[in-house]
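Full structure from sequences and hints, please.
There are 2 protein chains.
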Amino acid sequence: MQNILSNHEIKLIGFDADDTLWKNEDLFFDAQNKIKNILKQKSNKFDEDLLKTEKLNLDIYGYGIKGFILSLIETSVKTSDATINIKSINQIIKLGKRMLKAPINLIEGVDKILSTLSKKYDLILITKGDLLDQERKIEKSKLEKYFKYKKIVSEKNKQTYQNILDDLMIEPQNFLMVGNSFKSDVFPVLEIGGNGVHIPYKILWEHENIKTSEYSKKYIKLNKISDLTTVIN
Amino acid sequence: MQNILSNHEIKLIGFDADDTLWKNEDLFFDAQNKIKNILKQKSNKFDEDLLKTEKLNLDIYGYGIKGFILSLIETSVKTSDATINIKSINQIIKLGKRMLKAPINLIEGVDKILSTLSKKYDLILITKGDLLDQERKIEKSKLEKYFKYKKIVSEKNKQTYQNILDDLMIEPQNFLMVGNSFKSDVFPVLEIGGNGVHIPYKILWEHENIKTSEYSKKYIKLNKISDLTTVIN
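Chains as they are written, first to last, in this note's numbering: chain A, 372 to 604; chain B, 372 to 604.
Derived by calculation from the structure, the hints in this document are not laboratory data.
Just so you know, not all the hints are guaranteed correct.
The list cannot tell twin chains apart, which means a pair is met if one copy fits it or any two copies do.
In silico EDC-like cross-links for lysine to aspartate or glutamate, where the CA-CA straight-line distance does not exceed 20 Å [stated by the list, open to error]:
1) K529 x E506
2) K529 x E510
3) K511 x E526
4) K472 x D430
5) K483 x E515
6) K522 x D538
7) K465 x D430
8) K521 x E506
9) K516 x D537
10) K465 x D452
11) K519 x D537
12) K511 x D430
13) K582 x D598
14) K413 x E515
15) K405 x E419
16) K472 x E526
17) K468 x D420
In structure tokens form, the structure reads like this:
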């Protein structure tokens with residue numbers, strides 16, 4: 372990686388958004404705990420059932436809060452053996468709306484690092500999820516000014532990245548992707564011959580959890596986004 | 372309009388998707404009626420309440436089936452004074468999934484007209500709604516081959532169209548937009564100086580209903596999409 376950077380081969384730097392630029396998974400985590408309190412479910416069984424439902428529904432709902440809330444309602448009805456109080460459904464819907472209206476909490480150092488890097492490189496924001504919700508979060512973050520491009524996609528796989536790079540006429544070796552999910556932000560980029568920096572967030576959604584060991588030599592792992600200048604400047 | 376076409380000034384033709392290329396509103400209409408049966412709600416009151424809830428939620432949910440289902444659950448709980456059977460919630464969720472999996476029914480003549488026009492003009496698909504759902508419908512429709520560009524947007528207003536045309540370096544007067552919603556497909560395009568063809572669908576979602584009379588001289592209204600070749604060829 373150091374070589375690539377000293378050779379000035381990086382022409383475009385991509386950033387994931389949720390849990391890379393701003394905190395996101397906390398919202399889902401807190402919501403899930405609130406619902407467990409409402410439903411008086413204390414066991415891990417509810418979490419397991421919810422994850423199972425979310426995974427089964429992912430193909431049809433895609434990523435994002437609306438799908439999460441629908442899966443939460445489905446799991447609540449199922450887990451309670453349909454004895455759940457109808458008012459709890461109301462509470463789940465209200466909770467979903469609060470999630471969609473939540474303020475943006477930037478991760479420490481994000482503004483400064485984007486400001487620095489955007490002076491030397493073209494930056495692209497690549498995020499997956501609900502179109503309107505992601506647009507709203509980008510606007511609230513006030514980070515849009517640093518990005519030359521932004522892409523909201525329904526899935527982050529090899530084809531997604533290849534299509535974006537093809538559109539911009541950038542070769543994978545000239546592209547660096549930065550994100551908190553090895554599965555979505557790093558792995559597919561390495562697979563097409565690009566470069567990746569993995570910056571784990573304190574909470575990782577179980578669905579994004581894959582083994583990273585076999586790729587350990589091919590990407591850089593950092594503790595925090597402000598460390599990015601140690602590998603690219 | 373006839374003048375524009377004979378002067379070969381149109382360089383790009385945009386098409387709305389839902390209820391312009393394929394049937395869509397029927398899905399929502401049928402779902403709403405099924406839910407009214409399940410809830411034993413026969414009056415128009417339920418429809419009015421649902422529309423009110425949908426409009427209030429539009430800012431936060433955006434367009435699409437997931438937001439519709441969430442609004443349907445909210446309205447069902449509210450309308451029934453929280454006496455709704457919890458199993459009905461399950462039925463609404465299942466109905467939503469069926470809507471998301473529904474096959475695509477092309478409107479008569481669509482394939483032929485797109486095939487004809489794509490040989491002489493660049494075509495762009497401009498549709499609003501859930502990202503994943505719209506992508507899936509485009510794929511199922513097998514119409515993608517006719518479009519040079521496709522844009523899935525969260526709202527269709529003047530700025531949306533202006534941004535798209537700016538990106539493609541097309542002047543509004545060289546752009547023609549075709550769609551079933553005067554409010555979303557024709558009006559904003561006329562407002563920025565573009566051209567519009569309005570082809571109403573048999574069902575119009577009440578939210579899209581606005582008066583068209585004051586613009587009657589500035590756009591063309593057709594009965595069916597296969598009539599497009601009478602104004603552009």
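Verification of the supplied hints:
For a Cα distance limit of 20 Å, the shortest separation of K529 from E506 across copies, 17 Å, qualifies, whereas the shortest one inside one copy, 23 Å, does not. For the identical chains of this complex, K529 and E510 are inter-copy neighbours only, at 18 Å across copies versus 27 Å inside a copy, given an alpha-carbon limit of 20 Å. For the identical chains of this complex, K511 and E526 are inter-copy neighbours only, at 17 Å across copies versus 23 Å inside a copy, given an alpha-carbon limit of 20 Å. For the homomeric pair K472 and D430, the shortest alpha-carbon distance between copies (10 Å) is at most 20 Å, but the shortest distance inside one copy (25 Å) is not.
In the homo-oligomer, the alpha carbons of K483 and E515 lie at most 20 Å apart inside one protomer (13 Å), although the nearest pairing across protomers, at 41 Å, exceeds that limit. Both within a single protomer and between protomers do K522 and D538 lie at most 20 Å apart by alpha-carbon distance, with minima of 12 Å and 14 Å respectively. In this assembly of identical chains, K465 and D430 lie within 20 Å of each other by CA distance solely across copies; the values are 15 Å between and 25 Å within a copy. For the homomeric pair K521 and E506, the shortest alpha-carbon distances inside one copy (10 Å) and between copies (18 Å) are both at most 20 Å.
Taking the shortest alpha-carbon separations for K516 and D537, only the inter-copy value of 18 Å comes in at or below 20 Å, while the best intra-copy value is 23 Å. Proximity of K465 and D452 under a CA criterion of 20 Å is satisfied inter-copy only: 16 Å between copies versus 22 Å inside one chain copy. In the homo-oligomer, the alpha carbons of K519 and D537 lie at most 20 Å apart both inside one protomer (16 Å) and across protomers (15 Å), since each shortest distance falls under that limit. Taking identical chains as interchangeable, the C-alpha atoms of K511 and D430 lie at most 20 Å apart only when they sit on different chains, with a minimum of 15 Å there against 28 Å within one chain.
Neither within a single protomer nor between protomers do K582 and D598 lie at most 20 Å apart by alpha-carbon distance, with minima of 23 Å and 56 Å respectively. For a Cα distance limit of 20 Å, the shortest separation of K413 from E515 qualifies neither inside one copy, at 41 Å, nor across copies, at 48 Å. In this assembly of identical chains, the alpha carbons of K405 and E419 lie at most 20 Å apart only when taken from the same copy (16 Å versus 32 Å across copies). Taking CA atoms no more than 20 Å apart as the test, K472 paired with E526 passes between copies only; the shortest distance there is 18 Å, against 23 Å inside one copy.
When the C-alpha separation of K468 and D420 is checked against a cutoff of 20 Å, the pair qualifies only between copies, where the shortest distance is 18 Å, while the shortest distance within a copy is 22 Å.
Of the numbered hints given earlier, the model fails hints 13 and 14; all others are met.
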